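Chains as they are written, first to last, in numbering that gives the first Met the number 0: chain A, 0 to 413; chain B, 0 to 228.
Among these hints, one or two may not hold up.
Looking from chain A toward chain B, a few residues come up when the C-beta cut is under 10 angstroms (computed) [said to hold, decoys possible]:
1) 11
2) 13
3) 17
4) 155
5) 158
6) 240
7) 243
8) 317
9) 318
10) 320
11) 321
12) 323
13) 327
To spell it out: a stretch of chain B is covered by chain A in this simulated footprint if at least three of its residues, at any positions, have a beta carbon under 8 angstroms from a beta carbon of chain A; those stretches are [what the hints assert, rightly or not]:
14) 48-61
15) 76-84
16) 103-116
17) 212-223
Calculated directly from the structure, the hints in this document are not laboratory data. From a predicted model like this one, the values you see are computed outputs, not experimental measurements. By construction, the Cβ of each residue, glycine as well, lies at the ideal position given by its N, Cα and C atoms.
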Amino acid sequence: MLFLTGMRDGVREILAHPVRSLLTLFGLICGVASLIAMIGMVHGMLAGWRAFLYETGGLEKVGSVASRPPAYQKHLAGISPGRTARDAEGIWRNVPGVTHISPEFAIDEYGGTEVKRKGRRSPDNLVYGVVPDVIVINRYEMERGRFIASLDGERGRCVAVIGAQVAKDLFTPAEDPLGQTIDVKGQPYRVIGVFREAVFMQGGRNVVASKNRSVCLPLKTALLRFNGGSERLTWLNFRVGDVEHLDEVVDAIQNTLVILHRGVLDFSLETQEERATEYRRTERSLKTSMGGVSAISLFVGGIVITNIMLASIKERIREIGVRKALGARRRDIFMQLMAEALAIGAVGGALGVLAGIGLVNLLVWLLPGQPPPLLVPSAIALGFGASLLTGLIAGAYPAFTAARLDPIGALQNE
Amino acid sequence: MTSLPAPLIELEDVRKTYRMGDEDVHALAGVTLTIGSGEFVAVVGPSGSGKSTLMHLLGLMDRPTSGRLSFGGQDVSRLSSSAQATHRARKLGFVFQSFNLLPRLSVMDNVLLPLSYARDGGKDGRRRAAEALERVGLSHRARHRPGQLSGGERQRAGIARALVNRPELILADEPTGNLDGQNVERILELFRELHSGGQTIVLVTHDTNVAASARRQIRMQNGRVAPAA
């Protein structure tokens, strides 16, 4: 009952001096708002990273790329066959932790291949030869038709599966791409499937748009027709069954490849683990810096509240004396002022939550092309709670001071 | 005097000494007196005579340096500050010279204040407050703020607040000090009415006309009770 009256008095005190209260609450509002914005940004980034990581194959994807052998092996480079389809075979037989293998050969590994059809052009596509496993490793989804099957490769068929953007470039919406023939560098390929459009928007930009510019051919067909029959691959990617054992599987792949390459280290293995570690580092530094800003704001906000409450108590010494004369115990006065502090914290917290929601929306608008900050309910609860706690901590000293006032002296105060 | 009233307050050789710099100041230098239940007593004396100190001791806002102060037969001279507060909330009613109504609370809420600290009789609080306001003739002002009241009305609200917990003793410190003639008379009349209803009242004043309203006068001088003139 006394506590509720105290809360009511606190709100009255705030409303009685709106400008002063706003200044008092400013630190608190900033602290809560930045806390909400910080958590929102971190969550937004995390969601972006997670989705991006997924779209690009996830943690279970291991890639092998060509690399220059170390100086002491320079003269040996010629004895290595390089990465070929035989590597895939060798890994498949020797490394049990690998569930999918995707040997890939790209006509232009930087994705600058033009595809044509009846006078229509689709520029800058990644045209590459693949095996069926690529659909799992690179996470393609079919919109229409079918994907490349092993038999397509074995028979060296001239078939193609095209990305959504390629289909848009080469066909009108009314046309059915299936069964039509497209022109890749002067060679005819029959379209047997169309990928579903990959969309992953980050701040108004589709960051996986390049996936929609893919044209998949059977690996053998591509090697024969564009690689002069050489089996050298552009990429060799693996999918690991259990991410828990990623390191061991990567070691096993490394050992197998070294043997197949006759000891020449002309390749290197890449995992997404490194990217994930970098993400985590960024997340931590963001949390530390923004969390620091919130903590400092809340701390300063708390000091301002303490200060203003001490000043307000000084103005109300006589009131405290009267209350004491009428029978208020020390703890009654203490509780009353703590209730006021809690009310200040609650009002500051509520305004801070509103400001935080506004800040998150402002950041979404201000930072296009960045992962959009998210409004996280737990962050709102945390911000509000932190504000209440700050109010209580900040109010404790003034409340204690007021509770200890001598009633006679307080009553005589003018 | 045909029958002696039962004693409500008894002081036995009560002393109060303050230390001012290097000197001891004897605000009360041995006061022995009894105030009976239902009495209307005026404590008079020049400033510095110790009447304020006596008032603070009777109001349990301070403790005697030595001696014994009992209230209703119970020794209250060594109570803890919390027990003193509870005693004030339940057994005492204060009337102040400058009214001391809390400006942001309505008259009704001001009157309710002692009840919230007394922590008893919770439910009929509003009824009791309304009764107290009725008794001082301020029912129509219950919802007003103290600032909207005249001086006399404010003091009547102060008296209603002192009455609301049905105190055993009302302590009034210069209750008419800030009022003009007509209002002084009205307030004194109110005190006389309460007295005739059996209420014990101790009124501190330096105004002999005001003191004349009381049935008994205690004259303070140099920290002692002066012998009756």
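Tested hints:
{"no.": "1", "hint": "11", "in the structure": "6 angstroms, holds"}
{"no.": "2", "hint": "13", "in the structure": "12 angstroms, violated"}
{"no.": "3", "hint": "17", "in the structure": "15 angstroms, violated"}
{"no.": "4", "hint": "155", "in the structure": "92 angstroms, violated"}
{"no.": "5", "hint": "158", "in the structure": "85 angstroms, violated"}
{"no.": "6", "hint": "240", "in the structure": "70 angstroms, violated"}
{"no.": "7", "hint": "243", "in the structure": "62 angstroms, violated"}
{"no.": "8", "hint": "317", "in the structure": "7 angstroms, holds"}
{"no.": "9", "hint": "318", "in the structure": "6 angstroms, holds"}
{"no.": "10", "hint": "320", "in the structure": "8 angstroms, holds"}
{"no.": "11", "hint": "321", "in the structure": "5 angstroms, holds"}
{"no.": "12", "hint": "323", "in the structure": "7 angstroms, holds"}
{"no.": "13", "hint": "327", "in the structure": "5 angstroms, holds"}
{"no.": "14", "hint": "48-61", "in the structure": "holds (count 4)"}
{"no.": "15", "hint": "76-84", "in the structure": "holds (count 3)"}
{"no.": "16", "hint": "103-116", "in the structure": "holds (count 5)"}
{"no.": "17", "hint": "212-223", "in the structure": "violated (count 0)"}
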